[in-house]
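Participant: Listed here are the chains, written in short residue letters.
Number of protein chains: 2
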Amino acid sequence: MNKRKIEVCLTPVLLPLYDIENSIVVVIDIFRATSSICYGIANGAEAIIPVAKVEDCLNYQQTDCLLAAERDGKVVEGFDFGNSPFAYTEDKVKGKTIVLTTTNGTYAISESRKTAYQVIVGSFLNLDAICNYLQKQDKDVLLLCAGWKNKFNLEDTLFAGAVVTQMGLDNFEYDDSAYAAEDLYLQAKDDLSGYTSKASHGKRMQKLNLEKDIAFCLNHNLTNVIPVLVGDKLVKM
Amino acid sequence: MNKRKIEVCLTPVLLPLYDIENSIVVVIDIFRATSSICYGIANGAEAIIPVAKVEDCLNYQQTDCLLAAERDGKVVEGFDFGNSPFAYTEDKVKGKTIVLTTTNGTYAISESRKTAYQVIVGSFLNLDAICNYLQKQDKDVLLLCAGWKNKFNLEDTLFAGAVVTQMGLDNFEYDDSAYAAEDLYLQAKDDLSGYTSKASHGKRMQKLNLEKDIAFCLNHNLTNVIPVLVGDKLVKM
Numbered sequence: 001m002n003k004r005k006i007e008v009c010l011t012p013v014l015l016p017l018y019d020i021e022n023s024i025v026v027v028i029d030i031f032r033a034t035s036s037i038c039y040g041i042a043n044g045a046e047a048i049i050p051v052a053k054v055e056d057c058l059n060y061q062q063t064d065c066l067l068a069a070e071r072d073g074k075v076v077e078g079f080d081f082g083n084s085p086f087a088y089t090e091d092k093v094k095g096k097t098i099v100l101t102t103t104n105g106t107y108a109i110s111e112s113r114k115t116a117y118q119v120i121v122g123s124f125l126n127l128d129a130i131c132n133y134l135q136k137q138d139k140d141v142l143l144l145c146a147g148w149k150n151k152f153n154l155e156d157t158l159f160a161g162a163v164v165t166q167m168g169l170d171n172f173e174y175d176d177s178a179y180a181a182e183d184l185y186l187q188a189k190d191d192l193s194g195y196t197s198k199a200s201h202g203k204r205m206q207k208l209n210l211e212k213d214i215a216f217c218l219n220h221n222l223t224n225v226i227p228v229l230v231g232d233k234l235v236k237m
Numbered sequence: 001m002n003k004r005k006i007e008v009c010l011t012p013v014l015l016p017l018y019d020i021e022n023s024i025v026v027v028i029d030i031f032r033a034t035s036s037i038c039y040g041i042a043n044g045a046e047a048i049i050p051v052a053k054v055e056d057c058l059n060y061q062q063t064d065c066l067l068a069a070e071r072d073g074k075v076v077e078g079f080d081f082g083n084s085p086f087a088y089t090e091d092k093v094k095g096k097t098i099v100l101t102t103t104n105g106t107y108a109i110s111e112s113r114k115t116a117y118q119v120i121v122g123s124f125l126n127l128d129a130i131c132n133y134l135q136k137q138d139k140d141v142l143l144l145c146a147g148w149k150n151k152f153n154l155e156d157t158l159f160a161g162a163v164v165t166q167m168g169l170d171n172f173e174y175d176d177s178a179y180a181a182e183d184l185y186l187q188a189k190d191d192l193s194g195y196t197s198k199a200s201h202g203k204r205m206q207k208l209n210l211e212k213d214i215a216f217c218l219n220h221n222l223t224n225v226i227p228v229l230v231g232d233k234l235v236k237m
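Protein chains in written order, with UniProt numbering: chain A, 1 to 237; chain B, 1 to 237.
One chain only, chain A, in its complex shape (with noise of 0.2 Å):
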């Protein structure tokens, strides 16, 4: 029998190089969109739409969606809120829909949603309820980390490997980039925190004061809720 595949996509950059009719992706942005999507979905946010540009969001600004927009790291001006996980808690975003727009993330999602067979949204705190998920389907699985304005980081590559580690050699097949997230992984996961902190995401999150947001994103299996993607907008699945 042939393994499924499983492959990391280490920037959305690289997508294209990639076949993934038949695969379910993966869109890990962990520091913080993919993070706080999932703790919003889990906290009863009806849905949240991710959009590419922030004026797509001011397309919803006669809705009553909940409008969130980051930019390097900053809510933008004007705008509810942007990607903080603690702007997700259950009594700001329960039964509300949300249109969001990242830095990286979202855009991943939009890239991602073009062919994919299907899109789904990972992070440290839904880790092991992404891979019980992706266990038992018979689908190929692209892991697509969001990087940094299109280049590698290390927290999505990290995260990767985490999943890729908890699927095993036995039943996938590896690209080159899921042994090497693996073994970052496998070298990090005892110290996660530490580990990132050398990240420039991590240290550019620090000089915004935002080490609780970081520490809160490391958190693992906080909820079993998977975000997917159903048309535009992402959904409890």
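Just so you know, the hints here were simulated from the structure itself, not pulled from any lab data.
A few of these clues could be false.
One copy or any two copies: either way a pair holds, since identical chains are not told apart in the list.
Stated by the list, open to error - Okay, derived cross-link-like pairs now, DSSO-like style, lysine-lysine, Cα gap no bigger than 30 Å in a straight line: (1) Lys136 x Lys207; (2) Lys149 x Lys114; (3) Lys207 x Lys114; (4) Lys53 x Lys3; (5) Lys207 x Lys3; (6) Lys189 x Lys5; (7) Lys92 x Lys5; (8) Lys92 x Lys189; (9) Lys236 x Lys94; (10) Lys203 x Lys189; (11) Lys136 x Lys53; (12) Lys139 x Lys207.
Since the structure of chain A is provided, determine the placement of chain B on it from the hints.
Facilitator: Structure of chain B alone, referenced to chain A:
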């Protein structure tokens, strides 16, 4: 004092994201283009002209250049040879100019020459020479992995990690991919051959019975020669 930057560009697709006007670019295609280029220049080849396409190579048919062309691991039909290092021995290349096109490496060279301050060629065969040279310059460093058909590969990243490790955090500021490359190298360095055997291109070459090429390309420091791009030619620095 600002530290110099050392960055790792994991595939040529990502090159446009880097500002390399003030950088020395080290092009890396371990299996086998840059290993063979280093070996050929060390063995007295007068020059190696990297060209992107097989057709570009054919333009030199009426000259006394040797024509070398590789695609998908094999010598292209009708050519003198491809990019096996064993075709670049002294008896074959001394005093000769070689026009070379390969699947990945020569594309990386032609892309980087457009804007880089300087382009040099690295491989395990001249690792220490490359590092000694880079230490003495005052430029930033970009380690450009040729990858496989624009995707990430393990062996090029490991070599990048070997260079990063020698440069060190005391003198250089790393980007995220430099951290990752260093950590992968430190994990793999005691058994590079075992580690790279899981790499997709390693497997591809095993199928083509190129194990001897792989083993040769993992030799360290056979030469102190550094090929440097001058105009459109790689020559001994």
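Participant: All hints are to be evaluated individually against the structure, with a verdict given for each.
Facilitator: Evaluation of the provided hints:
no. : hint            : result
1   : Lys136 x Lys207 : neither (41 Å within a copy, 32 Å between copies)
2   : Lys149 x Lys114 : both (20 Å within a copy, 22 Å between copies)
3   : Lys207 x Lys114 : neither (35 Å within a copy, 35 Å between copies)
4   : Lys53 x Lys3    : neither (38 Å within a copy, 35 Å between copies)
5   : Lys207 x Lys3   : between (44 Å within a copy, 19 Å between copies)
6   : Lys189 x Lys5   : both (24 Å within a copy, 27 Å between copies)
7   : Lys92 x Lys5    : neither (39 Å within a copy, 42 Å between copies)
8   : Lys92 x Lys189  : neither (32 Å within a copy, 50 Å between copies)
9   : Lys236 x Lys94  : within (12 Å within a copy, 66 Å between copies)
10  : Lys203 x Lys189 : both (19 Å within a copy, 29 Å between copies)
11  : Lys136 x Lys53  : neither (35 Å within a copy, 44 Å between copies)
12  : Lys139 x Lys207 : between (41 Å within a copy, 27 Å between copies)
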